[in-house]
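For reference, the chains in residue letters:
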Amino acid sequence: MTNQIRPSSLYRRHIIKAGGLIAASSLLSGLPARAAGKKRIGFGQPDRTADFFHGFINAVHGEADRLGYEVLESFSGPTPEGQMSELNAWIAAGVDALVVMPSDPNAIGGIVAKCKQKGIVFIGYANIIPGADGYMKWDDPKAGTAVGELAAKHIQEKLGGTAEVALLTLLTNQATRDRIGFSRQAIEKALPGTKFWDTEAVLAPEALKATQSLLQAHPKIKVIICCADDGALGARAAYLNSGLSPDNVFIAGFDGSKQNLTLLKQKDKFIKASAALDIAEVGRTVVDIPDRVFHHTGPTEVTIPYVIVTPETDTGTIDGLLKVYEV
Amino acid sequence: MTRALLEWAQRNGLFFALVILFVFFWLSSERFMTTANIAVILQQVSVVGLIAVPGAMLVLSGYVDLSVGSITVLGAVTFGKAMEAQLGLGVSIVLGLMAGTAWGVLNGYLIAILNFSPIIVTLGGLAGARGLAQLVTHGFTQFGFGPTFAILGNGELLAIPVPVWIYAAVFLAGAHVWYQTPVGPHMAAIGGARDAARALGIKTRTLPFWLYVASGLASSVGGLIVSSELDGSSVSTGVGMELDVLTGILLGGVAFTGGRGSLFGVLFGTIFIGALTNGLVQINVSPYFQQVAVGIALVLAAGLDVLYQRLDRIRFSDEADDPADPVPAVSQQPEAVK
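Residue numbers (numbering that gives the first Met the number 0), protein chains in the order written: chain A, 0 to 326; chain B, 0 to 337.
Treat each hint with caution, since some may be false.
[Unchecked claim] If the Cβ cut is set under 8 angstroms, some of the chain B residues that face chain A in the computed set are:
| no. | residue |
| --- | --- |
| 1 | Asn-11 |
| 2 | Trp-25 |
| 3 | Ser-27 |
| 4 | Ser-28 |
| 5 | Thr-34 |
| 6 | Gly-138 |
| 7 | Thr-140 |
| 8 | Asn-153 |
| 9 | His-185 |
| 10 | Glu-228 |
| 11 | Thr-236 |
| 12 | Gln-281 |
| 13 | Pro-286 |
[Stated by the list, open to error] Away from chain B, derived, C-beta distances all over 12 angstroms, residues of chain A:
| no. | residue |
| --- | --- |
| 14 | Lys-152 |
| 15 | Ala-185 |
| 16 | Glu-199 |
Don't read these hints as lab results, they were simulated from the structure.
Glycine included, every Cβ here is placed at the ideal spot set by N, Cα and C.
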């Protein structure tokens, strides 16, 4: 038997070769070309799944165009190691500034030191990073406290002063821990005897399952505080289909997602609050802070406040927050 | 009869782990063992369970599909976009199912026909299908699909949630194929020794191809169920689902190398994970400890299963040594039919 190359394997090799060429040319064409004279900002925010992302990144690029910068977007995914290699690649490529939401804030020191060494401006996004040239973060403790106070008021006014409260959190993130932790503190302060049931769930499908289980065990739960609006939608779906009375249910979340704000505008029976960020303002600040560092103008440490949206909030304010989704 | 029951019990150690788990939570929470909560547990595992049926067949055949979570979201957002475009409920459902099935065809063609690596291709699908879903939707969630579509995820038939009926139908169809048709032993043969299976005339390419198609279809059905439950086709649908499906399959005793496994084991494995998650929430275990508890319980359950298998081998090898025992050793039967 001779060792012949069969036509099928030749065919396969051609396919692989052609595929490789297509992939290589796509990669090359996708590489950001350096715009002449423009400073470059690497924006390490790897969560591209949120429904506000498209409007948010448009706001980032809009501000960059206005001020004359080029912004490189992150595609590293959520793992610290993926983020490290992306940041190292940007440093090697000679970016002028990095704005980074660290996957692990305690493991970013090496990158900050490398930036200092190479004269690259480093800005913490959603975190205060030691040694950084500035930061932007949101006031999660204040928003958590405000949502907790709203929940406590609801319990006092609608539930006779006692209630079982479910808390859906995400433990690996400082922002979500603060949101839920400060909400709990505010409720405990106003109503010391309140019973809490907490579990980990952040996305809608997880929150749906967690709330279904919680409502089976504790059908008296009327107040559910979720660390993100997506989770609040899952909790809402679970309550809606539980057969329990929808009267005086209070579900709250954070972020200001499109569906939650729309439901609040429509005076939904379940979703009663969302601590919303002005996403367009956040997007603009991503470029503004490094610009201020370069030009020594204005504050470089910025805490962006939340807008607490309830069914009573005027529609003009809600529409203003919803504008970022009109893309 | 007693003997057959004993043999079945010894081959299904996970079943007893499941019983122990249920008894533990029953004693810990008065509301765990209620009809309503059992229905909730079954509803919660139904999506992962129905995707695990073709998934287990793939693993039995020596293949794997790591793209199921992303195909789930692709099916969901295709449906959502079609509804947004006002194509009507029926057309939108068909398009959602077609999106997942088409991705299954692509997986099957690349892997089973062109011999690409199953892990690489489906890992590519894991990123690619979710990326496509994000590209199509720009991350926006479509919502408000109306009461008719809500029946799929939230309706009940004879006090049992509709997703549970769908899961039951898929499982029974899968069990029929696995245990009652030549396809079951063929899958085990392909997974155990592909070249030998090919020499015997078994369709070693066509069968895995159709299994990938079935996996894509099942994933998109799962996506539609989740969309119905949430009344929204969120891009967060199906995140991490491939791990849930694979955990159920492997915990159920299907060998990752293929050639051996039981679909009933997969059923027990899937329910085990659902009951564990539900029970931990019910007894209010700290979220900090929940992941640890899940890890410990999974290792204990897998250990119990292995212990049963070893006891099984010891007992039957003793019997084989005993010339007075007229019953042949069960371990001589082909593994796949157990």
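Against the structure, the hints come out as follows:
Checking Asn-11(B) against chain A by beta carbon gives a least distance of about 26 angstroms; that is not within 8 angstroms, so the hint is violated. With a cut of 8 angstroms, the hint placing Trp-25(B) at the interface with chain A is violated, because the nearest CB-to-CB distance is about 13 angstroms. For Ser-27(B), the suggested interface contact is broken, since its CB lies about 10 angstroms from the closest CB of chain A, more than 8 angstroms. Hint on Ser-28(B) holds. Least Cβ distance to chain A is approximately 6 angstroms, under the 8 angstroms limit.
Restraint check, Thr-34(B) versus chain A: the minimum CB separation of about 11 angstroms is more than 8 angstroms; hint violated. Below 8 angstroms, beta-carbon pairs count as interface contacts, and Gly-138(B) has one with chain A at about 5 angstroms; its hint therefore holds. Here the hint on Thr-140(B) is kept, as its CB sits about 5 angstroms from the closest CB of chain A, short of 8 angstroms. Given hint, Asn-153(B) at the interface with chain A, holds; its Cβ is 4 angstroms from that chain's nearest Cβ, closer than 8 angstroms.
Checking His-185(B) against chain A: minimum C-beta separation of about 23 angstroms lies over 8 angstroms; hint violated. The closest approach between the C-beta of Glu-228(B) and any C-beta of chain A is roughly 6 angstroms, which is under the 8 angstroms cut-off, so the hint is satisfied. Here the hint on Thr-236(B) is kept, as its CB sits about 6 angstroms from the closest CB of chain A, short of 8 angstroms. Among the interface hints, the one on Gln-281(B) holds; its C-beta lies about 4 angstroms from the nearest C-beta in chain A, closer than the 8 angstroms criterion.
Annotation: Pro-286(B) was flagged as interfacial toward chain A, and the flag holds, the nearest CB pair being 4 angstroms apart, inside 8 angstroms. For Lys-152(A), the shortest C-beta to C-beta distance to chain B comes to about 25 angstroms, beyond the 12 angstroms cut-off, and the non-interface label holds. Non-interface status of Ala-185(A) relative to chain B is upheld: no Cβ of that chain comes within 12 angstroms, the nearest being about 19 angstroms off. With a least beta-carbon separation of about 4 angstroms from chain B, Glu-199(A) fails to lie farther than 12 angstroms from that chain, contradicting its non-interface assignment.
The structure is inconsistent with the numbered hints 1, 2, 3, 5, 9, 16, although it conforms to all the rest.
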